[in-house]
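Starting from the given sequences, assemble the full structure and let the hints guide the process.
There are 2 protein chains.
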Amino acid sequence: MRIPWMLVGVLLIGVACASLPNASTAKPTWSIALHGGAGVIPKNLSAAEIAGYHAALDAALAEGIRRAERGESALDVAEAVVRVLEDEPRFNAGKGAAFTADGTHELDACVMVGSGLRTGAVAGVKTVRHPVSLARLVMEKTRHVLLAADGAEAFADLMKVERVPNTWFDTELRRGYLEEWRAAQKTHASSAPVRGENAYGTVGCVVRDAKGELAAATSTGGLTGKRWGRIGDAPIAGAGTFADGRCAVSCSGTGEVFIRHGVAREVSNRMRHFGEDPATAARAVIAMLDPGDGGLIVVGADGTSAYAFNTEGLYRGFADSTGRRETAIWED
Amino acid sequence: MRIPWMLVGVLLIGVACASLPNASTAKPTWSIALHGGAGVIPKNLSAAEIAGYHAALDAALAEGIRRAERGESALDVAEAVVRVLEDEPRFNAGKGAAFTADGTHELDACVMVGSGLRTGAVAGVKTVRHPVSLARLVMEKTRHVLLAADGAEAFADLMKVERVPNTWFDTELRRGYLEEWRAAQKTHASSAPVRGENAYGTVGCVVRDAKGELAAATSTGGLTGKRWGRIGDAPIAGAGTFADGRCAVSCSGTGEVFIRHGVAREVSNRMRHFGEDPATAARAVIAMLDPGDGGLIVVGADGTSAYAFNTEGLYRGFADSTGRRETAIWED
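Residue numbers (the numbering used here), protein chains in the order written: chain A, 1 to 332; chain B, 1 to 332.
No copy labels: a pair is met if it fits in one copy or bridges any two.
Okay, derived cross-link-like pairs now, SDA-like style, lysine to any residue, Cα gap no bigger than 25 Å in a straight line:
(1) Lys211 with Asp76
(2) Lys95 with His54
(3) Lys27 with Glu69
(4) Lys160 with Ala101
(5) Lys126 with Ala101
(6) Lys126 with Asp150
(7) Lys160 with Asp150
(8) Lys186 with Met159
(9) Lys186 with Thr142
(10) Lys141 with Arg182
(11) Lys27 with Arg324
(12) Lys141 with Gly292
What the hints contain is simulated information worked out from the structure, not anything from laboratory work. Computed from a predicted structure; not experimentally measured.
Structure (structure tokens):
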């Protein structure tokens, strides 16, 4: 009598795994994954607040779906989705960016395309409404891959991208986090990091288009209370953002850790060296890090998408040509 | 009669390989490798010029040997060697740094230590005599890993490191390269990259100390004619500089390519995933790149050092506790 029950159990486990959003077995023609940041996301959010986050993620998905269905390229879709997320004040990128220690905003962004490992990024821009689009222009219009600070602003002048005053990025939510950070600095008399959503956050999107091209885009306001022109992982190809012929990855977390470990590229390395699928590689890479460090989203060349995080939550969404369209915050 | 001659041939080849500087079989207690940049190094240099380069490389080696023999840490030795190379006007770092398109200097540097993947870097500093030492202070005194531009200058103010006017970095050699670059811009009416030594260059040092710790340090003036706050691979952990428990790596070449491919970390990845030794991994990684892209030096956890480059030359030097002390420019 025991053996049949074991078989039933194995079958049930098999069904549960197949239905996991991060282990989809469908092979869509196009596929989109996006995130609005990993972090300590309080589970006592009101129903209205939770619904607001889901609606914001779904609105970004909708923009991606609309463009993917029109046959737009992976890069076009990823950039457009991140522009929506940059304008969404709930997330730490563009409008709603974290405050620096000085009470200003310094924004970082990166795009990368699988074929040719083409990439462009900006760090420490202060007046560019959509840093992700300036990052794309670095890739397309210069021989460089990473431009920073005043130099990146001068490049923005030439490119005639939309500009806003630095205070345009202000939100009461993020100002509150800055005040928390300042209070903690006084208490601890140190520059101890503040962990969790209050400290960081990022937005990103990874896309596999119908032609099989892969692209990743990431944008962030960085760490609350950052100083001295600090650059995190988001604009560093291989750290917070990566795409090659195998996968496209966008990360969110403690940027310094993601730079040290080269997290985004390591997902591809594991797929290449060990033959892992995107979900397995994503979990293995996040498992290298300390609890609370962050998370990532990935889409593979076959259109399967996945995520992994070791924070309390990761704002995320997934859609593809098979009709999948879902958003999530915590581990379900 | 044929077989004995074949055996003799195989033995001779074996001897030649064993004596190659990049395939040392000795296991020294401490080991140092350094470089003064990869590039198109004209073979019609005068004997005096060639001797000058060898003397400059050997002077930096001497500083490293002196400190290693005193039992200083890998990081102390690597930093001290790079400080000597920064002060050497022949090489593109510190005094002798490349000029930007605007005729100024913006310096990048990075240090990384194997244990804990600790790292610190600065990009776009303008008045810091020894960027490598400021990079170390980022690692040791902040929670960040990469500081850029004016923010990095403000951090330098706090750290009270030695400052110099930006023109202090001027040399006639590099000004000549800027003029060449400007003339080429006019001719081609484009921002086509200038390849070779005239365009780039870097200095770096990797060390395995007697306790087995590994450290890497890299410093550069970047690309001649760079614009818009361009950041290259040198200050990006994993791209131009890397150290972990397996090896320490410092690169020189077309920075954008080294960022895209994550060159420095890829040496460690190949050692980890494929069990390659440092020399094999170094050659395999450089073989991924296009001819002329650059080169690297590496020291492994067992103290064996190696190099690889696909440019005409790589200014380099090696020393270790077994008495090895040699410098080289081209492939011998």
